[in-house]
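Peer 1: Chain by chain, the residues:
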Amino acid sequence: MKNLIALIIIMGSLIAQPKYDIEGEEFMPLHTKLFWGEKGLVRKLNLAPKNRKDELKLRIKMLQAHQRLALASLGLVAYQSNLGNQLINGDYSKLSKHKNFSRVSWSVYMASATLSYLAPPALKYEKKVSSMKLHRWLSYVHFSGMMAIPFLGINITSSSNYDKAVKLHQNVAYITMFSLALSGLLTILPY
Amino acid sequence: MKSIDGEIKYYGSHPLHDWIGISKTIIGKIDYNIKEMNANAIIVTPLRSFNSRVPSRDSNMLIYTNAIDHPEVVFESTNFEFAEDSVHIYGDLSFNGITKSMKTSALFMQGDNIYISGSFFIRLSDYEIIRPSFMFMNIDNSVKIEYYFNLKI
Numbered sequence: 095m096k097n098l099i100a101l102i103i104i105m106g107s108l109i110a111q112p113k114y115d116i117e118g119e120e121f122m123p124l125h126t127k128l129f130w131g132e133k134g135l136v137r138k139l140n141l142a143p144k145n146r147k148d149e150l151k152l153r154i155k156m157l158q159a160h161q162r163l164a165l166a167s168l169g170l171v172a173y174q175s176n177l178g179n180q181l182i183n184g185d186y187s188k189l190s191k192h193k194n195f196s197r198v199s200w201s202v203y204m205a206s207a208t209l210s211y212l213a214p215p216a217l218k219y220e221k222k223v224s225s226m227k228l229h230r231w232l233s234y235v236h237f238s239g240m241m242a243i244p245f246l247g248i249n250i251t252s253s254s255n256y257d258k259a260v261k262l263h264q265n266v267a268y269i270t271m272f273s274l275a276l277s278g279l280l281t282i283l284p285y
Numbered sequence: 285m286k287s288i289d290g291e292i293k294y295y296g297s298h299p300l301h302d303w304i305g306i307s308k309t310i311i312g313k314i315d316y317n318i319k320e321m322n323a324n325a326i327i328v329t330p331l332r333s334f335n336s337r338v339p340s341r342d343s344n345m346l347i348y349t350n351a352i353d354h355p356e357v358v359f360e361s362t363n364f365e366f367a368e369d370s371v372h373i374y375g376d377l378s379f380n381g382i383t384k385s386m387k388t389s390a391l392f393m394q395g396d397n398i399y400i401s402g403s404f405f406i407r408l409s410d411y412e413i414i415r416p417s418f419m420f421m422n423i424d425n426s427v428k429i430e431y432y433f434n435l436k437i
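Quick mapping for you: the protein sequence lines, in order, are chains L and S.
223 is the number that the numbering used here gives to position 129 of the first sequence; each next residue is one higher, with no gaps.
420 is the number that the numbering used here gives to position 136 of the second sequence; each next residue is one higher, with no gaps.
Just chain L, with the same shape it has in the complex:
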């Protein structure tokens, strides 16, 4: 009987191997397909790990690092927001700090985003909406915001309408921070 069990396990492994293609591959995010699809950039440049197992280990490491950096960037963005509000309230001594700190918060955010966007593909994707799918969709909002914010900040000094430029920078920053916080909160939900 033990031989039968061993045979079942071996047969299962052999039969299952072709299934470690990705389930629901048609629902893979576009950015993942571009880098890790069958003709993706990472594969074409021969940068992919030797086998699927190593790819999945890399995915785990990248997403764990993404989590940690994302939490850090949320804190940094919140602090930046606080500095920005102090500037708006007339404390111009914070200007240099706000400018310098923007580089730190932007860099940490972009490192976190890179880890997530460039992670190897999962084993399973589905069409239905889940909290992780919403998390991904929100990332497009706060990523766009983080790309725009530095330019909007520079625009304040060169704009002919100072108040309008400040308001635009502030509003985009609030939307970015809110979507970043909501994105983080979604990861805690069970569904």
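No wet-lab data here; the hints were simulated from the structure.
It is possible that some hints are incorrect.
As the list claims (entries may be wrong) - Some chain S residues well away from chain L (every beta-carbon gap over 12 Å; in silico):
(1) GLY290
(2) ILE314
(3) LEU391
Claimed, not checked - Computed, partial: chain S to chain L, Cβ under 10 Å:
(4) ASP342
(5) LEU346
(6) ILE347
(7) PHE420
Since this is a predicted model, take the numbers as computed values, not measurements.
Idealized CB from N, CA, C, for every residue including glycine.
Fit chain S to the given chain L structure using the hints.
Peer 2: Relative to chain L, chain S alone:
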């Protein structure tokens, strides 16, 4: 070996939330001798068949349980002890390439069909499963498994 009507659930737990993964893909062989009140069983469930309603979590589960190398969980009975409406089932559970002996007590009802349902706990560390972490906290080592089988006589 053939498809068995039934369901197997696992209950995962993390300080931030709990979840349930369900599989209805069960194949196996259960031989039951009504007169002599003895039985033997082999139950096989592919890990890929478990659905916790979040694809990314299911995907992570497959990675942490080494489903590429060990795609199935296999239970093989070694002994059945029947009581009036229950049965103690002894057997070997194979998971992540490791086989451990275990015991589970189940409700046993016989009518037109045979209905068996029960539960047991496993510890992920017993099967050398590295526990995933989220927000710097690992999931619980202890996982409850619930099952029911509806067998045609």
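Peer 1: Just double-check LEU391/S for me: nearest Cβ-Cβ distance to chain L has to come out over 12 Å.
Peer 2: Nearest chain L Cβ is 26 Å from LEU391/S, so the label holds.
Peer 1: Just want to verify: GLY290/S was marked as not at the interface with chain L; is every Cβ pair farther apart than 12 Å?
Peer 2: holds (18 Å)
Peer 1: Taking the least C-beta to C-beta distance, is ILE347/S closer than 10 Å to chain L?
Peer 2: This interface hint holds because 5 Å falls under the 10 Å limit.
Peer 1: Beyond 12 Å from every chain L Cβ: check whether that's true for ILE314/S.
Peer 2: holds (14 Å)
Peer 1: Any CB of chain L closer than 10 Å to the CB of ASP342/S?
Peer 2: holds (5 Å)
Peer 1: So, LEU346/S near chain L? Judge it on the closest CB pair being under 10 Å.
Peer 2: Holds, about 5 Å.
Peer 1: Holds or violated: is there a CB of chain L closer than 10 Å to the CB of PHE420/S?
Peer 2: holds (8 Å)
Every hint, counting from the list given before, is met by this structure.
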